[in-house]
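Engineer: Use these hints to put chain B onto chain A, whose structure you have.
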Amino acid sequence: MKILVPTKRVPDTDQKITATADGSGVASDHLPFVVNPFDAIALEEGVRIVEKLGDDSEVVAVGIGEADYVQQLRTALAMGSTRAICIECDQPLDPWNVARLLKEIVLREQPDLVLMGKQAVDDDANQTGQFLAALLDWPQATFASRVELLAGEIRVDRETDHGIETLRLPLPAVVTTDLRLSEPRYASMAGIMKAKKKPLDMIPLAELGVALEPRVEVLRYHSSETVRRGERLRSVDELVERLRQDVGAQA
Amino acid sequence: MPSVSPAELMLAAASQPLMREVFGNIPGWAKGLFYVVAAVAVGAWAYGIYRRVRLWRQGKPSGGVNYAAALKRVVRDVLLQGRFRGRPFASLAHVLLFSGFFVLLIGTTLVAIEHILADLLGRPASDPVFHKGLYYAVYELVTDSFGVAFLVGCTMFLVRRLRGAGSFAKTPADVGMLVLLIVIGVTGYVVEGLRIIHAATPLPGLSPVGYVTASLFTAAGVDQAGAGRLHFALWWFHAALALGFIAWMPYSRLIHSLAGAINLAIRNERLGTLRPISMAEVEETGLIGVAKLEDFTRQQLASLDACVSCGRCQDMCPAFEAGKPLSPRNVVQELVGVMNVRGVGGQSAGGSGQEKDSGLPLAGGVIGEETLWSCTTCGACADVCPLGVSPMGMITDLRRFLIGDGALRGSPATALQKTDRVGNPFGLPQKERLAWAAGLDVPLVKDNPEYEVLYWVGCAAAYDRRAQKIARSVVRLLQAADVNFAVLGPEERCTGESARRMGDELLFQQLAEQNVATLGEHRAKRIVAHCPHCVNSLRNDYPQAGGEYEVVHHSQLLSELVADGKLPAMPTTTAVGGSITYHDPCYLARANGITEEPRAVLAAVAGQGGGNADAGALPIIELPRNRRETSCCGGGGGRMWFDDAPSQRVGRGRVEEIVGSGAATVAVSCPFCLMMVGDGVAAEKPTMQVRDIAELLAEATLGPESGAANGNTPPSA
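Residue numbers (the numbering used here), protein chains in the order written: chain A, 1 to 251; chain B, 1001 to 1717.
Okay, chain A solo, but in the shape it has when bound (with noise of 0.2 Å):
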């Protein structure tokens, strides 16, 4: 069993993020990076079931950037991936190209799964997956909150507006991770500090033999100011009639 985890590196949204001056981009001096959230969940989901398997099924963890981008996959290898592999891209990209990029991964490493963040948090474009389904031509399964390894296909409870739906796929597929999956486990200094043997692959784009085709184009980006609105009152009678009233003029 192969298991293949496309990773994002996004700021952490923790923090106070920021349009640069000119609004080309986020201001991203001293922001900190994580492993977008729900490709930490694929992470540990893909880690847990070749734990489980105990046998030389492998989790391999991937990630598009630039050289920085290999803090993150330390990340992803200190929480149990097995590798990583690096494909070194200076350029922005867009969630079709990011597709297409993977569909070369996917060919050449033939993974049975690819288990995957249902969106990136910083974008939240919730793409990705779908358009490397199409280009494989693979089953997918989105949002998935459940999985299940049965012989040669996969069981997958999905997160819908209307409850769960249960689908069955066979293998080799193409599965999005909602929030409820799993809980990623933490990946310490000295959990990465013992996961510095791993091997780690730098891939450069052009080894890919990919043209991209970007298909979206950023105009601007800028900053929206929330201002939070608080008052202390007297009492929960009037707390209750404070109510009354918000929700009267919205009616």
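To be clear, the hints were calculated from the coordinates, so they are not data collected in a lab. Note that the structure is predicted; figures quoted are calculated from it, not measured. Take the hints with a grain of salt, since some may be wrong.
As the list claims (entries may be wrong) - Going by beta-carbon spacing under 7 Å, a handful of chain B positions derived as facing chain A: (1) Gly1286; (2) Ile1288; (3) Ile1403; (4) Gly1404; (5) Gly1406; (6) Leu1408; (7) Arg1409; (8) Gly1410; (9) Ala1413; (10) Leu1416; (11) Arg1421; (12) Val1422; (13) Gly1427; (14) Pro1429; (15) Asp1504; (16) Leu1507.
Yeah, the Cβ is synthetic: ideal placement off N, Cα and C, and Gly gets one too.
Structural biologist: For chain B alone, coordinates are given in the frame of chain A:
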């Protein structure tokens, strides 16, 4: 019993050959046999000790031993039995048993020396070298009396064990050992009584108990010749048991006497410190924390054998009290079990081989993950252990392994991740570190480089809305008293205290390195912090990272300011209505011994001791568990970052105790306590106020913060 006056005794000692024959009534062949059996017994003893020491030596070096300090500790903690707290019956029983045993051991050794000396000098049995005269008189009286202490101690323990209530271990071997000791003691007196009759020992009253048994035998019609025969038989019985005991000792729980003495002599006595790990070692071995027994230090391995499973630690453990799956005693005993079954570092314990090895890893297997994470590192277990065993130290070492192994998930994992990423467990921007000080004109070190005291704010007061009020109160007080202070602001990072106690040693070391550099850059010498965890880390952890400062808790500085009259006189009306009680934080009271300064601050708040006594001082109620005996709020050791509902938290028993005090206000002096006790009290008794001592003092002396409607208003951030 005839009474012997001291004068008579002196007279007798001077005029008569006051002595008894060593090995009297024992023919030469029996003496020879005795020595052979004794040699076998001592051999078995020595081999048993050797086997355990060999196991201990598989551990990591414990570091250098300061022999002068070790000797002092042996005298204080072993010979004078100085570490007993609580359990008066068992403590008394142990003191009696130990002192009796120890005196009899010395007595027997002295007799052996006498016998060997006499042999070497070729003196007849009737002419002892030193075992005679006044020395003999004192010897007899002392050993005879301490024999009573020994028997009383053994009997008390036996009664306690047979009654069965209590958290101490109750194995058949323990009962067997006590019965054996009692039989040895009793037959000793019987043999003595028979010897008094047979040898017509002069001044038999010097051995009161022996004299009484002699009188009983005489009354029963035993004559001198009969006494001789009985004496010979019982002497052998007594000797055989005593030698059997010696041979059994290292294989029984009594190994604790030796292991405990060694542990007490060389252990690290400071509760607030942990063993550092060298990065080079981690890089070289790829290992961190304790995976196998040999990863413990030699001292820790010896301490496993020091544990007698008395359960005092379990009685004091707040996690156990709250129903968490942690008993510090069981942690130690599980590890002892592994040591006996698996041996250490390839060195077999030489057991019977009957016990099956579970094959489980230590951390997360033998000791469950949830068990290890239940510990608040409050230190109560290590502090109460008469033998100086530290289950807490073993738990943090095992946690280090779990952290390296990626075995932590959920909110505590997130807190560590955030600390790693941005330098505080809340994950909030470092730039907002001074938001709490809005409108207070708090000087940064770079704006006031000539500051005298550095105020270390800590993450809780920097980011938590409730805890921010502690810092605001401290600043108001420092300003009112004209203290020349400054804060690091955005340059301050988490001390790494939580991370370290959760086992994330490398994260701690990274933070400590950064903070030590920052503090060095700003030439910090005297630091005040209102958080006992910060105080403890800066005081006890940071010297390991090369940072040496004078670190005081705000209670120390504030009580100084009060005593020196640096704060305005107390208004006639105090800020607190009704009575106050005080909850001691573990890391302040137990780990750092600071208990009276917060009380001095509270006395000032309550109008006690100052000039306002006439105005009607408020009562201060002590909680049942106070000062060093305090019980954890549940927020230490990283438990602060676990997602427990208040009813599931480690400190819930403490909250009940606080509510049960009936006080109107509970004062605390730690932001973690403020939050944990605050949540607990809010659920149990919402009318009770939970306040930091600085908040109370600021309100009592300076009045409520201007612009704030009441004490519960958060600062406008």
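Engineer: Output the numbers, in ascending order, of every earlier hint that fails for this structure.
Structural biologist: Violated hints: none at all, because every hint is consistent with the structure.
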